[in-house]
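Protein chains in written order, with my numbering: chain A, 240 to 592; chain B, 240 to 592.
Simulated from the structure, these hints should not be mistaken for laboratory data.
Predicted model only: the values in this text are computed from it and were never measured.
Treat the hints loosely; a few may be bogus.
Which copy is meant is left open, so a pair is good if it fits within one copy or across any two.
To be verified - No more than 27 angstroms apart at the CA atoms, straight line, and that leaves these computed lysine-lysine pairs for DSS-like:
hint	residue 1	residue 2
1	K286	K312
2	K272	K459
3	K272	K548
4	K336	K354
5	K274	K429
6	K333	K315
7	K315	K429
8	K548	K315
9	K459	K312
10	K286	K459
11	K459	K321
12	K429	K312
13	K274	K321
14	K429	K272
15	K354	K315
16	K312	K274
17	K354	K429
18	K333	K459
There are 2 protein chains.
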Amino acid sequence: MSLPRIAVDAMGGDEGVRVMVEGAALARRRHDKFKFLLVGDQAQIEKALEAHPNMREASEILHCEDVIAGDEKPSKALRRAKTTSMGLAVQAVKEGKAGAAVSAGNTGALMAISKLALRTMPGLDRPALAALLPTLGENDVIMLDLGANRECDTRNLVQFAIMGAAYSRTVTGRERPRVRLLNIGTEETKGTEDIRDAANQLRAATGLALDFEGFVEADKINRGDVDVVVTDGFSGNIALKAIEGAARFVTDLLRNAFTSSLRSKVGFLVSRPATELLRHHLDPNNHNGAVFLGLNGVVVKSHGSANAKGVANAVEVAARLLEDDITNRIASDLGVLDQANFNPVPGIAQAGE
Amino acid sequence: MSLPRIAVDAMGGDEGVRVMVEGAALARRRHDKFKFLLVGDQAQIEKALEAHPNMREASEILHCEDVIAGDEKPSKALRRAKTTSMGLAVQAVKEGKAGAAVSAGNTGALMAISKLALRTMPGLDRPALAALLPTLGENDVIMLDLGANRECDTRNLVQFAIMGAAYSRTVTGRERPRVRLLNIGTEETKGTEDIRDAANQLRAATGLALDFEGFVEADKINRGDVDVVVTDGFSGNIALKAIEGAARFVTDLLRNAFTSSLRSKVGFLVSRPATELLRHHLDPNNHNGAVFLGLNGVVVKSHGSANAKGVANAVEVAARLLEDDITNRIASDLGVLDQANFNPVPGIAQAGE
């Protein structure tokens, strides 16, 4: 089977071409059937490829010098899409020259460019941005939407649940990921009307390939007993950043505490393997690969400051989503949902499968 | 000057009468002019007071056997208000027999009972729940609203800013606390229309005793460079719980890491002073004292699981808010706001002071 190529925006992100190319090369070791379209300055890419001869064979270079700046407004970035590395990587997906695009550039610009070029898939109202977060359990938890949609209605939330579950199947291997809606309490009466209605619809739509388990509060996201946390873009952005900030806050406190006395310094050195484990678990590079779900094509956002291992994780996410044919999986589940909506009694919806 | 008494719901919370009485006694050491009304089972309170003879002299006991349960619905709790320790503590404030009430019981019930008994203060649309969170700086940060109001409009947010600043002046001693609105970005175009309008109004109302410094993202709440974070109750609840959950997540990881090898265990023991410092800084007992702001009277919520030191902090918050006459401070700032709204040009509003 010939798998579609992955287009890599080699110029986006803070770390430059070398890290993007090295990351793609690392990912290719585990997904060696994939080919790549590297978009960016030809001379720089050629130089970076010298260290990765196998990658050289699997790659085509699309030369381009322009880069979208990290602080560039999405509206301006949209106008420059066709001359920039990010825009051309997404364009390659649109034209079928690649199945997925990976970029470490400006998130807002990537979202705007991807939406305009690839369009929302049929049957879906709005795409969403989904990210991976570490947990105390075996697998990362997926949270969406994280800011693509400031306000979301019932139908959006239900569709996000379906898309998140499709992504989670790829990440966790679970056939029926455990899905919950983010809320300010777990009782059925809590939250806005849209959230409560979405819960009712998800409870009723038993034909979907997911287990809907009700509400989750924001302090339980990382416990490891939920695979997909569904929320509107505003709350999701607040929750994601609050978690990142608090994790950094605690590790900063810890660092200050460990450097506050000689005794602590000695203890810190002796227990370094433990603190390394902590760092490893919290390192965003190990949870890299935010995905724009719901477009006609796969677009993965890598952290702007990701190292080569982080980029490799983002490229692997793209590769695995392509292998699992996520766009068709989502389309099929959206079909089940529409059926369930015509027959809102669970028994009938099941019989109709 | 005779300061008003503090009514303590001695029965609410998980830890029982002994801890509530001990906490009040601890607080009284630093605020020895205060007198107390202890509401609950007389025999249990008498017994708890045996260990605190000074407190005995300063206390009156209001006997009552009924307690609002931790999981009791606010609607049911409201009907039982007049026979329960929580209800009678709040009732004492309403009747002028106490200036403030402190309870470690059911938050939703306390909010409902307090709103009905004390009513929202004149000129204010809605009360709010404000809590203290630890920071890397010298002082705790105040965040509000945390769930009293699921949806909030521009005027609510502006009034929350005024109430939060008044509370912060008591906590930090700053005459002009630094206030920011929680948002999903710091650019002026980010967020909902209500948030952007609230920012414009706060920027224009220069007569207020606060410095409005724009938006803050949820990952910067604990940095120590903002004194008051203003948000609607839904987002505030999400942010608060996300921070609590992430802090617990990191400390759980740390504990796992430290117990994963003998070498780490030894290091952990050697560096115990450092990890104790971390625990001290994150201990909710040290940041205890969520306040319902905007009622005709002061109501402080202590954590349900707070120890005596935690209860003492909550009682001290009540004492200091009474000493600072917070209700009149808020009323006066609301007056400035109304003036500013009639004269929205900052220069004119200032001249009118």
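We went through each hint and held it up to the structure:
no., hint, verdict
1, K286 x K312, "neither (31 angstroms within a copy, 67 angstroms between copies)"
2, K272 x K459, "neither (39 angstroms within a copy, 43 angstroms between copies)"
3, K272 x K548, "within (19 angstroms within a copy, 62 angstroms between copies)"
4, K336 x K354, "within (18 angstroms within a copy, 63 angstroms between copies)"
5, K274 x K429, "neither (49 angstroms within a copy, 39 angstroms between copies)"
6, K333 x K315, "within (20 angstroms within a copy, 58 angstroms between copies)"
7, K315 x K429, "between (41 angstroms within a copy, 16 angstroms between copies)"
8, K548 x K315, "neither (31 angstroms within a copy, 55 angstroms between copies)"
9, K459 x K312, "between (35 angstroms within a copy, 22 angstroms between copies)"
10, K286 x K459, "neither (46 angstroms within a copy, 39 angstroms between copies)"
11, K459 x K321, "neither (43 angstroms within a copy, 36 angstroms between copies)"
12, K429 x K312, "between (37 angstroms within a copy, 12 angstroms between copies)"
13, K274 x K321, "within (22 angstroms within a copy, 74 angstroms between copies)"
14, K429 x K272, "neither (48 angstroms within a copy, 42 angstroms between copies)"
15, K354 x K315, "within (15 angstroms within a copy, 49 angstroms between copies)"
16, K312 x K274, "neither (32 angstroms within a copy, 59 angstroms between copies)"
17, K354 x K429, "between (33 angstroms within a copy, 19 angstroms between copies)"
18, K333 x K459, "neither (38 angstroms within a copy, 38 angstroms between copies)"
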